[in-house]
Amino acid sequence: MAESFDLVVIGGGPGGYVAAIRAAQLGLKTAVIEREHLGGICLNWGCIPTKALLRSAEVYHLMQQAGAFGLSASAVSYDLPAVVKRSRAAAAQLQSGVKHLLRKNRVSVHEGHGRLAGRDKVAILKEDRPVGELLAKHIILATGARPRVLPGLEPDGKQIWTYKEAMVPEAMPKSLLVVGSGAIGMEFASFYRTLGAEVTVVEVLERVLPQEDPEISALARKAFERQGMKLMTGATVKALSKAVTGVTATVTSAAGDTKITAERVILAVGISPNTENLGLEGTGVKLDRGHVAVGPWLETGEPGVYAIGDLTGAPWLAHKASHEGVICVERIAKVPGVHPLDATRIPGCTYCHPQVASIGLTEQRAIELGHKVKVGRFPLIGNGKAIALGDTEGLIKTVFDAGTGALLGAHMIGPEVTEMIQGYGIAQTLETTEAELMQTVFAHPTLSEAMHESVLEAFGRAIHI
Amino acid sequence: MAIEILMPTVAPSMTEGNIVRWAKKEGDQVKQGEVLLEVETDKAVVEVEAQQEGVLGKILVAEGTNGVKVDTPIALLAGAGEDLKALSAATPIAAAAASSSAPAAASAPGIASAPVQPPGGRVFASPLARRIAKERNIDLARVSGSGPNGRVLKADVEAATAAAPASGAAYEDVAHSNTRRVIAQRLSEAKRSIPHFYLTIDCDVDALLDARRQANEMIDGVKLSVNDLVIKAVALALRKVPAANAAWTDSAIRRFRDVDVAVAVAAPSGLITPVVRNADRKSLREISAEMKGLAARAQENRLRPDEYQGGGFTVSNLGMYGIREFSAIINPPQACILAVGASEQRAVVRNGALAVATMMTCTLSVDHRAVDGALGAEFLAAFKKLIESPIALFL
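Protein chains in written order, with our numbering: chain P, 1 to 465; chain V, 1 to 395.
None of these hints come from the bench; they were simulated from the model. Hints may contain errors.
[As the list claims (entries may be wrong)] Straight-line distance between alpha carbons at most 25 Å, and here's what the computed BS3-like set of lysine-lysine pairs gives:
1. P:K230 - P:K259
2. V:K282 - V:K240
3. V:K385 - P:K334
4. P:K238 - P:K174
5. V:K154 - P:K374
6. V:K282 - V:K292
7. P:K372 - P:K29
8. P:K158 - P:K85
9. V:K385 - V:K240
10. V:K24 - V:K191
11. P:K374 - V:K134
12. V:K24 - P:K372
13. V:K223 - P:K372
14. V:K292 - V:K223
15. P:K164 - P:K126
The structure presented is a predicted model; accordingly, all values stated were derived computationally and were not measured.
Start from the sequences and build out the full structure, keeping to the hints where you can.
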């Protein structure tokens, strides 16, 4: 007789495991089915290990700049296997942490591939063979996504990489072609460029980090180019041809076709949701352009079946998945006061150098939506802490509704902005207006003071500009 | 020791008022004579100055609270070196508690004190929700909040706006303003308790209009209205018949020494009666200029209490609307009110023959307790004489 649960979560990534823990907190008998590793891509092959790599790159960069700080360091170099090992250790530590948290919350963890097997039933498969079955009143699909593969641009894991190979390089390639300039593409571009590779980035849209405010994109581009990256925007990689010496890409742009040869290629052209082999056929679960279609409470068309995270569409971010997991579970448990996720309140961070972070509407989008806007800009060159840190490249841009004073969006580039964006996130969630932000005392000297100045600037009151 | 700041009396008859705005925030330094808050009475919004120096430690009654009884503690003022934290432990007082204690004011016997807004404890709302509610004139206390612990969010205010009865309902409820409430209370009281009688007289105003035209044409910077002339005529008539310049009180008939003429003005928030003081001793030019200023400030709801309080007699003129004649309700505690109609050409019989004359019909409403019929008639006759022989008005 199969064991019966209140909730079974298929997928143990940042969406699934968080949903499971929250459900357990709310007294639901909960199980998680994970086929590979708890914590999902994020923790094992994404967010966390890349941050460890980028930290190594950052320290290396600072060591190279030692003279600027009045220090000296000779024979500065790196040991790539050790850098990778450190990154893997970070992932391993967190994975065991997630395992512990699930155990602590008495969530039942099942290894294998979960698949819907009729109403209220989930089959567990190993190597495509059923090894068990769970009964569930509620089922959350949280199977995530994998790199998108475009025809003609298939990864081979040797010369043509996805994020996974790019994260565990055995040797530093002399030259690298990055296809796609979103967060994943630019973080790898930043890492490899800092460690000395010749990096070319090809982006199909007209600007790098195309999801960001155009002003921020432009500043990022300048910074990347100053670091020696080659950026080709409005350009498409049509074909890749492999040779022993490297991969030659045919790149088409308005200027015509060019050939670029690089030792390695990283494909970062988006993701494909893992909807296959989930037993969705014949259920009420519908797909919308490849993603699982869900309502505001993450419910699918099949009663009792929900979907969260990358499966349900952009933004493909771990914190979006976690938050959806919590909302979904709280809705199931009938917790009062639950609100659907507001897409304009999900921050996005890119940990390249300089860092980029944003939340809410870009200036352009706000205007398109009919807002009369007030825009504040504060460059970090006017910030004392940035000068002390020796890292003054950056801008804090804020977008307000001129009528209500609502903070519509914030767009930041510069040191530690990925940590600072939360300030604006809290402001948005609490629905503060410019008045409360102006009244807030920001500690001196901090980079965050630039956030204050940006708000003041939007209303013509900046002090240090 | 902290000093309690009490709800001030900003107008003599005031028993309660609304705290419109705190000009100082908790923790602000307050100097003597600085504006501390704005209080709305039945007639106007008045700025209240601090009487003592200190730090505004704790606001006990939040701005926007209506019906706060006079002498209710509304804030605590901390002296030098006093611990503000200790003060902040003091509990804010809900408006309901503030308004339920004192009995109905003695000046309005038999009338319950005006009902106040529902208990006005703190409404939890996001700053953005507050700002949007203010813009759209939505009472946050009536919006149910969907945020944590019922906190009102922007979306809730927007939903409340959408649900407003403007769409489809057959009526709209306009909440009583304080002014409206007081007008209702005082006039009901007047009509119910004062034995009114009415005297009507027709005045030939051809000479008056001619004199006015000449004055306006010949004297620079003067633009007299008929009403200015009526005020002056009333003032001089009261000087001749001072017994009509009176008020009934429980113990005596009060005869006013000064001739202070109140004039009914339609302000946006309702009727108000600014007073032209010593109108018998003022020139028409002065009366005209004064009335213009009073009327303008009444329109802006910015009359000072001393500009609308008191008065021994009221003039109410609806002539500009073409009203031929009407009878007004007495403005207590005064004994008389003169209702002035339009100046219009009528067929009159003069020396046994029909003639055309410009006539103005005036009706005096009289409190019979204070003024008898003959006295009222005497006053009206004096008034008519001044209107028909206007040369005395210009002296």
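Hint check results:
{"no.": "1", "hint": "P:K230 - P:K259", "in the structure": "14 Å, holds"}
{"no.": "2", "hint": "V:K282 - V:K240", "in the structure": "16 Å, holds"}
{"no.": "3", "hint": "V:K385 - P:K334", "in the structure": "83 Å, violated"}
{"no.": "4", "hint": "P:K238 - P:K174", "in the structure": "23 Å, holds"}
{"no.": "5", "hint": "V:K154 - P:K374", "in the structure": "19 Å, holds"}
{"no.": "6", "hint": "V:K282 - V:K292", "in the structure": "15 Å, holds"}
{"no.": "7", "hint": "P:K372 - P:K29", "in the structure": "49 Å, violated"}
{"no.": "8", "hint": "P:K158 - P:K85", "in the structure": "19 Å, holds"}
{"no.": "9", "hint": "V:K385 - V:K240", "in the structure": "11 Å, holds"}
{"no.": "10", "hint": "V:K24 - V:K191", "in the structure": "42 Å, violated"}
{"no.": "11", "hint": "P:K374 - V:K134", "in the structure": "20 Å, holds"}
{"no.": "12", "hint": "V:K24 - P:K372", "in the structure": "31 Å, violated"}
{"no.": "13", "hint": "V:K223 - P:K372", "in the structure": "47 Å, violated"}
{"no.": "14", "hint": "V:K292 - V:K223", "in the structure": "10 Å, holds"}
{"no.": "15", "hint": "P:K164 - P:K126", "in the structure": "23 Å, holds"}
In summary, the numbered hints that this structure violates are 3, 7, 10, 12, 13.
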